[in-house]
Amino acid sequence: MVNSITILSAPLVSAVNPSSMDGIVVFISVGIFIFVFLTISFHLLHETTAALLGAVTVLLVTYIGGHYNPDLRILTFDDAMGVVDWNVIFLIMGMMILMSILDETNVFKWLAFRLYSVAKGNAWAIAVSLILLTGITSAFLNDVTAILMLVPLSIQMASAIGLNPMVIVIPEVLASNIGGAATLIGDPPSTIVGSHIGISFTDYLVNMAPVAIICMIALLVINWFQYRKDYGDAKRKVSKTLTDQLASDAQISNYVTLRKALVISLLTFIGFFVADIFGQMPVGVVALSGATFLIVWVKPDIHHMLRQVNWTTLLFFIGLFIVVGGMEATGAIEWLASQVILLAGNSLDRAAVLITWVAGISSGIVANIPFTIAALPVADYLTANIPGGTESRIIYWALILGADLGGNATYLGSAPNIVAVGLLSQAGIRLSFSRFARDGVPVTVLTLIIATIYLLIRY
Amino acid sequence: MGLILCATRGGEASYRTQQAAIALAKEQGDEIIFLYIIDLSFLNKSAAPIVVNIENELDQMGRFFLLMAKERATEQGVEVRTITRKGIVQEEIINAVLDEGATQVVLGRPAGIQSAFQTSSLETFAAEIERETKAITILV
Numbered sequence: 001m002v003n004s005i006t007i008l009s010a011p012l013v014s015a016v017n018p019s020s021m022d023g024i025v026v027f028i029s030v031g032i033f034i035f036v037f038l039t040i041s042f043h044l045l046h047e048t049t050a051a052l053l054g055a056v057t058v059l060l061v062t063y064i065g066g067h068y069n070p071d072l073r074i075l076t077f078d079d080a081m082g083v084v085d086w087n088v089i090f091l092i093m094g095m096m097i098l099m100s101i102l103d104e105t106n107v108f109k110w111l112a113f114r115l116y117s118v119a120k121g122n123a124w125a126i127a128v129s130l131i132l133l134t135g136i137t138s139a140f141l142n143d144v145t146a147i148l149m150l151v152p153l154s155i156q157m158a159s160a161i162g163l164n165p166m167v168i169v170i171p172e173v174l175a176s177n178i179g180g181a182a183t184l185i186g187d188p189p190s191t192i193v194g195s196h197i198g199i200s201f202t203d204y205l206v207n208m209a210p211v212a213i214i215c216m217i218a219l220l221v222i223n224w225f226q227y228r229k230d231y232g233d234a235k236r237k238v239s240k241t242l243t244d245q246l247a248s249d250a251q252i253s254n255y256v257t258l259r260k261a262l263v264i265s266l267l268t269f270i271g272f273f274v275a276d277i278f279g280q281m282p283v284g285v286v287a288l289s290g291a292t293f294l295i296v297w298v299k300p301d302i303h304h305m306l307r308q309v310n311w312t313t314l315l316f317f318i319g320l321f322i323v324v325g326g327m328e329a330t331g332a333i334e335w336l337a338s339q340v341i342l343l344a345g346n347s348l349d350r351a352a353v354l355i356t357w358v359a360g361i362s363s364g365i366v367a368n369i370p371f372t373i374a375a376l377p378v379a380d381y382l383t384a385n386i387p388g389g390t391e392s393r394i395i396y397w398a399l400i401l402g403a404d405l406g407g408n409a410t411y412l413g414s415a416p417n418i419v420a421v422g423l424l425s426q427a428g429i430r431l432s433f434s435r436f437a438r439d440g441v442p443v444t445v446l447t448l449i450i451a452t453i454y455l456l457i458r459y
Numbered sequence: 460m461g462l463i464l465c466a467t468r469g470g471e472a473s474y475r476t477q478q479a480a481i482a483l484a485k486e487q488g489d490e491i492i493f494l495y496i497i498d499l500s501f502l503n504k505s506a507a508p509i510v511v512n513i514e515n516e517l518d519q520m521g522r523f524f525l526l527m528a529k530e531r532a533t534e535q536g537v538e539v540r541t542i543t544r545k546g547i548v549q550e551e552i553i554n555a556v557l558d559e560g561a562t563q564v565v566l567g568r569p570a571g572i573q574s575a576f577q578t579s580s581l582e583t584f585a586a587e588i589e590r591e592t593k594a595i596t597i598l599v
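Here the protein sequences come in this chain order: A and B. Under my numbering, the first residue of the first sequence carries the number 1, and numbering increases by one thereafter. Under my numbering, the first residue of the second sequence carries the number 460, and numbering increases by one thereafter.
Among the hints, erroneous ones may be present.
Unchecked claim - Computed cross-link-like contacts, PhoX-like style, restricted to lysine-lysine with a CA-CA straight-line distance of at most 25 angstroms: (1) A:120 with A:260; (2) B:593 with A:240; (3) B:529 with A:237; (4) B:529 with A:235; (5) A:260 with A:229; (6) A:240 with A:120; (7) A:229 with A:120; (8) B:593 with B:485; (9) A:299 with A:120.
To be verified - Some chain A residues flagged as far from chain B (calculated, every beta-carbon gap over 12 angstroms): (10) 68; (11) 69; (12) 73; (13) 101; (14) 108; (15) 118; (16) 166; (17) 207; (18) 210; (19) 250; (20) 316; (21) 350; (22) 427; (23) 441; (24) 442.
Worth flagging that the hints you see were computed from the coordinates, not collected in a lab. Beta carbons: idealized from backbone N, C-alpha and C, even for Gly.
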């Protein structure tokens, strides 16, 4: 039973009472989820609109349908507030504020240009620097932010040395998804699962960073074999005018704000590491504290600052949590999880491999955020019901790695991919589905194999 | 002296279009305006946290591409200006032609899978430019 998992700090689990509701209400809750899932995955509606529509439908069915037939009650408003993981919401909000102030200083572009200068026109060195910078930035900020900050400059640098920008941008995107898996705050699936199981920032890092580093090395090796000819053909000499323009665009814009932002960011990251000491302080509290102290210190226009917070992202997550919470309340997820256990034959290793690859393949085809939120209660059920699951947490690690790494297979898999395709189109380059998959699928398969081996050896 | 407006982006496919506009300007003794349009519509369906000033990032990228185009034109002795605009590409090209008083417009035909446009829609668009602005539109 889902309620038996008392060891987890899991809002999805604790707030919902899976009563005897069955029959039509199960189909309604699953139908709402499938509608939201497909409209998000195939971009039929804005992601936030789809998630909100789903959440509102769950509530309207509960109140209006439930008025006439009590069996149609899926989630009350209080239940709905209970299933939202507010730690995730506050973490994302806090990091948004920190990132937007850091972005205004131009520090990451400055760093990218320094690396470009050090490479002295060597295309392979430039590509490796940018790929690693994107991966590391994704781990410590957020994958989409890393792509938005670094890809436009990468496109310019590639164009300046006569290199097809795709040769740098695609591996950067792949690196952002791999790097995002390394920390609790890097990629939405990492944040969602990490917060759900109440793991500390340090514990997460110790468990996931090693495999992310191995996958990053694998990406660089594949990248070398795929594009060594392109790197060799690139020109080393760039005109002074273009170099000056790159340098001018990559200047630090405000040293005072930069110093303050770096100090607060450093303290926030120290906070992430030590939060566990203070009564398992949630990372959302740390991020929000950092953001608030930075606002107090930098004194930006608060109205401008709050406009920088991307409310569509927060509402998207809130809507999804409610839709999946509804499905869990009807018992649909419990049924699905029991089928997975049957398939896994009660073997933890087999279940972990199954979750890694199902999550990996699914995340390449459909959006990985709704998939992860929906798969979490399944992971709870497997963890609680397969011997050894609670101690090793292998099912959760499998879900994180599958969802994060699987998002690399196609450009539909995760948000950084879609954003990068849009940025490339702004440079006059159409990155087709098959062209992305040509690079993405081999990297995904290899990194999922690495992840599987890592999970089986380590846990 | 006429004024040629060449809408451009930065991909390799656009170099051919830029070169055609430069050759035309040289032949006719015209001035060229290279135009880059920032179109943020690709962000419209995603709930990804966009905290970066992406308009500014794309403006810098656009200006960089325009600088590359300007270098090519200047090397060939053609007088050139550059402008960036923000909005829907089709609308902004027409607005730029009207605002700048361009007499000719040069647009690149789709070149392989890397092009951002489709041939059929481009031909329809070229006809629309001529209808709305009276500027001669050349697809290269």
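Right, here's what the structure says about each hint:
1. A:120 with A:260: violated (32 angstroms)
2. B:593 with A:240: Violated, at roughly 39 angstroms.
3. B:529 with A:237: holds (18 angstroms)
4. B:529 with A:235: holds (19 angstroms)
5. A:260 with A:229: violated (44 angstroms)
6. A:240 with A:120: Roughly 13 angstroms between the alpha carbons, so the hint for residue 240 (chain A) and residue 120 (chain A) holds.
7. A:229 with A:120: holds (18 angstroms)
8. B:593 with B:485: holds (22 angstroms)
9. A:299 with A:120: violated (39 angstroms)
10. 68: Answer for residue 68 (chain A): holds, closest chain B Cβ roughly 34 angstroms.
11. 69: holds (33 angstroms)
12. 73: holds (28 angstroms)
13. 101: Given that some Cβ of chain B is not farther than 12 angstroms from that of residue 101 (chain A), nearest at about 9 angstroms, it is violated.
14. 108: Violated, because the least Cβ-Cβ distance between residue 108 (chain A) and chain B comes to about 9 angstroms, which does not exceed 12 angstroms.
15. 118: At roughly 20 angstroms from the nearest Cβ of chain B, residue 118 (chain A) sits farther out than 12 angstroms, so the non-interface label holds.
16. 166: violated (8 angstroms)
17. 207: holds (25 angstroms)
18. 210: Residue 210 (chain A) is indeed farther than 12 angstroms from all Cβ atoms of chain B, at 27 angstroms.
19. 250: At roughly 9 angstroms from the nearest Cβ of chain B, residue 250 (chain A) sits no farther out than 12 angstroms, so the non-interface label is violated.
20. 316: Answer for residue 316 (chain A): violated, closest chain B Cβ roughly 4 angstroms.
21. 350: Holds, because the least Cβ-Cβ distance between residue 350 (chain A) and chain B comes to about 34 angstroms, which exceeds 12 angstroms.
22. 427: violated (4 angstroms)
23. 441: Since the minimum Cβ distance to chain B is about 18 angstroms, residue 441 (chain A) lies beyond 12 angstroms and the statement holds.
24. 442: holds (20 angstroms)
Hint compliance for this structure: hints 1, 2, 5, 9, 13, 14, 16, 19, 20, 22 are not met, and every other hint is.
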